[in-house]
Amino acid sequence: MQTRAALLTGHAWCVLLSILILPVAGCKKAPTAGQADEIVVGEFGSLTGNTASFGQSSHKGVQMAFDEQNAAGGVLGKKLRLVVEDDQSKAGEAATVVRRMISRENPVAILGEVASSRSLEAAPIAQQNKIPMITPSSTNPKVTEVGDRIFRVCFIDPFQGAVLAKFMLARGWKKAAILMDVKQDYAVGLNEFFKDYYLKNGGTVVSEQSYSSGDKDFKAQLTSIRATQPEAILVAGYYNEAGLIASQARQLGLNVPLLGGDGWDSPSLVEVGGEAMEGNFFSNHFSAEDKSPAVQNFLARFREKYNEEPDAMAALGYDAAMILFDAMKRAGTTEEGALCRAIASTKDFPGVTGSITLDDKRNAEKPAVILQVEGGKFRYVETVMP
Amino acid sequence: MDWGNFAQQTVNGVSLGAIYALIALGYTMVYGVLRFINFAHGDVFMVGAFAGLYFHRWLKPLFTGWPAAASAIVILLLSMAFCALLGIVIEKVAYKPLRQRSRLTVLITSIGVSLLLSYGAQLIFGAAPKGFPQLVANHTISLPLGASVTVEQITVLLVTLLLLIALTFAVMRTRMGLAMRALSNNPTAAALMGVNNDAVISFTFGLGSALAGAAGIFFAMLYQAIDPFMGILPGIKAFVAAVLGGIGSIPGAALGGVLLGVLETLVVGYSQNIGIPSGYRDAVAFVILILTLMFKPTGLLGKSEREKV
Amino acid sequence: MKNHIPHLALFAALAGAAVLQMFSPQLDDYAASILVLIGINIVLAVSLNLVNGHTGQFSLGHAGFMAAGAYASAMVTLSFAPVVAPAGPWAEGALFAGSLLLGGAVAALCGLLVGLPSLRLRGDYLAIVTLGFGEIIRVVIQNTESLGGARGLEGIRPYTNLFGTFAVAALTIYVVACLVNSTYGRGFIAVRDDEIAAEAMGIHTVKYKVVAFVVGAFFAGLAGGLYAHFITFIAPEGFNFLKSVDVVVMVILGGMGSTPGVVAAAILLTLLNEGLRDFEQYRMIVFALLLIVIMIVRPQGLLGNFRGWPKGKAGA
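Protein chains in written order, with the working numbering: chain A, 14 to 399; chain B, 275 to 583; chain C, 213 to 528.
If you anchor each label on the Cβ, the simulated ranges turn out as follows:
1. G310(C) / T462(B): 53 to 63 Å
2. P270(A) / L432(B): 32 to 42 Å
3. V410(B) / T241(A): 24 to 34 Å
4. T462(B) / G414(C): 32 to 42 Å
5. A344(B) / K213(A): 49 to 59 Å
6. E51(A) / G400(B): 23 to 33 Å
7. W302(C) / R373(B): 53 to 63 Å
8. H413(B) / G292(A): 11 to 21 Å
9. K213(A) / R331(B): 49 to 59 Å
10. L331(C) / G400(B): 39 to 49 Å
11. N83(A) / G400(B): 22 to 32 Å
What the simulated footprint calls covered on chain A by chain C, stretch by stretch (three residues with Cβ under 8 Å from a Cβ of chain C suffice, anywhere in the stretch; the number is not a length):
12. 92-103
13. 108-121
14. 131-139
15. 196-205
To be clear, the hints were calculated from the coordinates, so they are not data collected in a lab. Everything numeric in this text was worked out from a predicted model, so none of it was measured. Virtual Cβ for every residue (Gly too), placed ideally from N, Cα, C.
All chains, full assembly: derive it from the sequences and hints.
Structural data, given as structure tokens:
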């Protein structure tokens with residue numbers, strides 16, 4: 014029973030507590046940007062969680078670029094400081110951490126993310142806050158469509174989808190089944206663009222099934238696919254589920270080749286998929302077997318620094334950072350407008366993942382490679398030009 | 275009607291259902307004896323899987339030369355024992371102080387324990403999924419009607435059946451089982467009759483947790499990847515299975531588990547034919563729960579209970 | 213004798229919120245965003261407290277109502293903002309307020325749909341069923357392409373500001389306080405203490421339970437709308453069972469049945485959350501331990517007058 018006294022006490026508490034909030038509110042606006050002699054750049058990625066491999070690889074590439082650049086004296090006479098945030102591979106976290114990063118650190122630019130869904134979350138925030146954002150590996154076209162301050166240094170899925178479709182048809186696999194991750198913009202987009210090219214060029218899709226990132230059991234979908242007897246299966250999704258799908262497919266006696274996109278690129282692919290992964294293909298941004306001096310040089314330096322092999326995400330992270338530095342130098346300033354124009358006019362930049370030129374949609378037109386899993390390693394099969 | 279497809283989907287569903295059944299057995303036993311829902315049960319399942327992974331890693335050198343089946347059994351028993359211990363400890367620390375309180379209080383506490391286990395596991399092992407080793411060589415065997423089943427699936431089914439029989443025997447024919455049934459009927463009277471309530475409760479928890487641990491290993495064997503949050507959804511679904519079969523009834527839990535597994539798999543497998551997107555897979559369990567509680571709250575094999583005023 | 217204190221308190225709070233809004237350009241962005249989160253959590257905690265604390269119906273599906281409100285209001289502004297924007301900030305403000313109310317209404321409808329079938333259930337069964345409903349709402353959203361599906365809705369207009377948030381928070385506290393101090397409140401408490409006796413006394417337990425669910429859901433929907441227009445991106449994953457547990461922890465810590473208690477708990481836990489962000493790994497473990505310790509040592513929470521349900525009540 015709430016007596017009048019109790020009611021009074023209750024409301025008094027509320028008022029009291031509201032007063033407690035004021036000290037928090039009392040923090041005045043911090044003066045913009047850290048010290049005057051450093052350039053702050055933000056990075057966000059999935060350092061932990063379901064797609065931790067992406068964030069960690071990408072970060073290693075970015076960090077290497079930063080360390081090398083700082084060792085060479087920084088940019089525009091100032092040292093570079095990298096602020097890193099982890100979005101834990103969770104939808105919703107990316108928006109939160111980018112917001113926080115912007116209001117606390119006020120970076121001049123942001124690098125991120127690998128997963129298209131999470132880049133899509135953060136891009137409107139960067140655009141609105143007038144901070145250029147460069148995504149190293151998000152391939153969904155919608156990311157750069159968010160605004161003119163969003164850039165990418167990799168190819169986009171209309172190209173990647175067509176690459177996979179062309180490859181399938183070239184190998185004579187005219188009946189395909191599709192298994193797509195409905196939780197990821199990347200997968201849904203890749204599927205659409207794949208079908209676009211495939212159906213127009215003589216292929217038929219005999220079965221289209223879906224799953225969600227985080228699912229463990231795909232036997233129901235695979236059994237349905239098995240009944241339609243496809244010649245190949247497109248698995249549009251990320252490496253964890255791809256590994257499980259391969260393994261479960263083989264258990265069901267489904268022995269046709271599986272194909273995927275750059276979302277498969279991770280050492281975990283073979284760790285989870287094991288032997289079931291052998292013989293499958295996926296498209297990617299670069300191959301470690303590329304003999305060009307740029308790639309071999311990068312591989313050597315990466316191995317020395319981290320004692321492990323880099324994957325495409327690391328290479329793209331490195332390229333994204335290097336392009337940012339290059340743009341800063343060309344603009345002569347880190348002021349937003351000039352920096353954006355400089356990034357947009359990147360032409361023939363010699364990246365590890367190829368020569369990078371940004372087109373008028375702020376995407377990069379680059380060749381893709383097809384890799385095949387052999388002996389637990391990713392072997393180079395062929396290059397496809399845009 | 276593609277019988278081959280249907281047969282295969284059913285096989286998949288039954289093997290998924292066996293895992294739900296194992297977890298559900300633990301839920302139903304604890305509910306039968308103590309009358310509360312142990313939310314943390316699903317996380318004991320997860321601990322079992324991780325225990326299996328690490329026992330395998332540490333003990334592999336000792337197993338050279340052993341047949342795969344023998345080392346698999348050892349790992350299974352070790353993990354079950356570890357989980358039993360964990361269950362007993364949880365009961366003593368978190369639930370025993372609350373024995374006089376209402377069931378809701380204990381439910382809330384068990385949610386806390388569940389979160390502690392999952393996030394604790396995340397802290398220790400990291401959130402990224404880990405691959406589970408191949409404990410037994412896995413061949414695919416063809417069945418009539420074009421379905422196929424793997425050795426692992428058969429193992430899971432057989433062992434679940436065995437455990438079910440062993441459990442029923444234990445509850446119906448042993449003194450401890452008698453004590454458990456007495457306790458579930460009336461704790462005060464049981465204590466008066468000389469039953470050591472604490473020991474029986476610990477035993478119940480230990481047994482239920484051991485079964486959950488076994489389920490964890492089987493899940494890991496069938497689906498090959500484990501992560502700290504793998505227990506939450508299967509845990510809730512297993513509870514639904516227990517309710518479907520009749521909470522407090524051991525054969526009910528097994529039946530409920532298998533039914534749920536089959537229904538879930540069929541909904542996903544035939545999603546395009548029935549117009550329900552396969553993303554609704556998880557909702558199947560909840561819809562079944564709501565329907566069961568609305569229309570037949572005692573479940574398929576359960577008994578009616580009067581609520582005393 | 214009419215008690216004017218709640219009404220005065222409401223005016224004071226609204227005035228305070230307006231003043232806060234006027235000062236907001238002076239505030240550090242980060243601090244402002246924490247304040248908004250605090251406000252949203254207050255709304256969530258107080259609305260859940262009505263169902264869990266005052267009426268004793270243990271609901272674990274509150275995040276589902278929040279999701280319903282978030283998506284409904286986001287869809288409204290996404291569709292109409294381009295049309296309304298040229299008319300100026302006051303028009304946009306009206307659109308935002310309208311969308312929030314619609315979100316609340318949709319959530320209240322969900323509350324009705326959840327409350328009705330659950331009426332015959334008690335205690336732990338009710339908890340699991342509400343959890344199930346919350347998950348069903350989430351799964352439905354996840355599979356509805358026009359709501360963005362599993363990938364979520366992005367590009368929501370950032371309409372949420374300090375005034376909006378604290379105005380809604382003040383309103384929530386006011387409405388709940390008034391409700392609790394009316395005959396409805398007596399009904400809620402009767403249902404909480406002993407449902408069978410209440411029925412025997414001729415109290416329409418059905419009516420009170422449904423009212424509690426619907427009102428609680430309405431405000432959760434408002435909180436959802438505020439949240440959507442604050443984060444500008446919503447995905448079904450963010451409204452899962454764990455989010456419901458977050459709110460439940462606030463209610464339990466604050467003390468079931470005590471409005472000032474849950475307000476305090478909401479503030480404390482939001483601050484704790486932010487403070488532990490750098491130790492993200494430990495955050496939930498701290499919460500879990502808090503939950504366990506509170507239930508064992510002090511189930512009435514900080515300020516609750518409620519010592520847990522009597523033994524034997526709740527559940528079949």
